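Using the sequences plus the hints, can you model the full thing?
As a plain string of letters, each chain reads:
2 protein chains.
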Amino acid sequence: MNRILFEPDEIDDAGVARVRDARAAHIVNVLHGTVGLTLKTGEVNGLLGTGEITAIASDGEVAVQVRHTDAPLAPWVDLILAPPRPRVMKRLLPQLATLGVGRLILVGAQKVEKDFWGATLLKEAIYRPLLIDGLMQGAVASRVPEILVRRNFRTFVQDELDALAGASARRIVAHPYADGGARAAEPPRGDGADGPLVLAVGPEGGWTEAEVALLEAKGFVRRSLGPRILRTDTATVALLARLVPAD
Amino acid sequence: MNRILFEPDEIDDAGVARVRDARAAHIVNVLHGTVGLTLKTGEVNGLLGTGEITAIASDGEVAVQVRHTDAPLAPWVDLILAPPRPRVMKRLLPQLATLGVGRLILVGAQKVEKDFWGATLLKEAIYRPLLIDGLMQGAVASRVPEILVRRNFRTFVQDELDALAGASARRIVAHPYADGGARAAEPPRGDGADGPLVLAVGPEGGWTEAEVALLEAKGFVRRSLGPRILRTDTATVALLARLVPAD
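Protein sequence lines correspond, in order, to chains A and B.
Position 82, counted from 1, in the first sequence is what this note's numbering calls 82; the numbers after and before it change by one each time, with no gaps.
Position 154, counted from 1, in the second sequence is what this note's numbering calls 154; the numbers after and before it change by one each time, with no gaps.
No lab work stands behind these hints: they were computed from the structure.
Remember, predicted model here, so these are calculated numbers, not experimental data.
Just to be clear, a hint being listed does not mean it is correct.
Since the list gives no way to pick one copy over another, a pair counts as held whenever it fits inside one copy or between any two copies.
Claimed, not checked - In silico SDA-like links for lysine to any residue, alpha-carbon gap of 25 Å or less:
(1) Lys111 / Leu37
(2) Lys40 / Glu204
(3) Lys90 / Phe116
(4) Lys90 / His26
(5) Lys90 / Met1
Next up, the structure:
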């Protein structure tokens with residue numbers, strides 16, 4: 001936690017936030033917080049700033065007088081993801097929030113394991129704390145990535161993608177077996193700064209050729225990270241890292 | 001497992017490998033292996049090639065006639081890492097092997113939690129299978145990353161680094177708070193192809209200025225991934241992804 005984020009309803013009219021969960025424990029045990037100490041704070045989906053500890057109760061509740069005036073960094077990429085195993089997904093979610101993903105669209109590609117869709121991870125009560133952890137790690141953003149589930153991949157790509165992503169967004173599909181296809185010229189680094197980006201990352205077994213063709217018909221260009229076959233979470237972080245704008 | 005790797009002593013003089021562990025289960029359950037099926041295989045620290053399943057015993061033992069003639073991809077980067085929490089370290093290790101790390105030097109930076117050094121993860125019997133899993137994921141390399149532990153950071157950097165890394169290797173230190181210091185010009189992408197690389201990634205709390213100065217005195221240039229503060233594993237994967245040669 002490099003910045004403590006509070007939910008709007010945790011901050012009272014006087015601008016005092018009160019927590020007694022993992023954030024309170026972090027403030028006391030890791031940051032060695034005492035009354036008067038100033039922390040980096042912010043409001044979930046709101047502004048960032050600082051907060052001064054005004055009280056630490058014997059039951060562990062920490063009170064922080066906050067002053068939030070700074071605009072957070074905005075998300076810069078939407079991620080279309082064929083969900084990996086829940087275990088992999090769970091460790092990927094906070095990293096996506098840290099790295100600046102705005103929307104995560106989980107799609108039913110052919111090689112997605114069917115039993116994934118029943119995972120508890122798809123419940124907002126489960127994934128939201130993971131995403132907020134990622135925002136608190138990154139320390140410069142506050143907007144919780146939105147998660148959409150679209151099990152019919154073809155319908156999503158053909159009928160919904162353009163309206164959702166904006167017609168002007170650049171589109172890249174990760175495809176480890178790209179050698180047979182048209183390989184996109186390597187764009188300059190940090191090119192995410194040029195405008196919104198949509199990145200599509202397939203399942204562990206890869207996209208089918210039909211799926212890649214469907215994306216290519218919608219303007220996606222293939223992108224490979226070389227001959228190594230990367231796990232979904234590695235590949236996603238690696239591609240986001242290569243595309244992230246310098247800010 | 002995109003390639004099954006066998007230890008040299010698992011392959012008999014006739015070139016038949018026999019396994020009954022997670023690899024056997026993967027061959028049967030995930031690859032739907034049957035007698036006659038050809039798999040991508042290889043030898044740990046040796047050549048790569050293919051193997052044909054010759055028997056699947058009722059006790060789960062799988063026998064594979066292997067033919068290994070292809071050179072694996074060589075590692076391209078040594079990583080100096082201030083170890084993160086064992087939980088983070090455990091999920092990072094396979095990814096390092098996948099991404100082509102040759103040597104992993106775990107160093108005692110000031111902000112490394114002291115209790116890490118007792119972690120069972122530092123035992124070869126624990127970390128080696130994780131590294132081999134990463135090689136089997138990547139499917140193009142077979143050399144198990146070597147792990148060195150150097151708790152005295154200053155002594156390692158001043159007295160041992162040059163001999164270990166080679167004087168000509170390019171040297172980059174990840175430093176999220178680089179704005180105050182001399183920021184390295186962004187090298188072209190895939191520049192790892194220009195020669196060996198040494199990358200230094202600090203602890204969760206960051207390098208101290210003294211530690212960065214020590215590295216800079218040895219020719220390391222600072223590299224930041226922008227304003228977001230990344231977890232150690234995210235930062236390491238992100239930096240490796242930005243530096244990996246195209247092969």
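Do the hints match the structure? See the list:
1. Lys111 / Leu37: between (51 Å within a copy, 21 Å between copies)
2. Lys40 / Glu204: Result: close only across copies, 17 Å inter versus 38 Å intra.
3. Lys90 / Phe116: both (12 Å within a copy, 24 Å between copies)
4. Lys90 / His26: both (21 Å within a copy, 23 Å between copies)
5. Lys90 / Met1: So Lys90 and Met1 pass the 25 Å test inside a copy (18 Å) and across (20 Å) alike.
Hint check: no violations occur; every hint is consistent with the structure.
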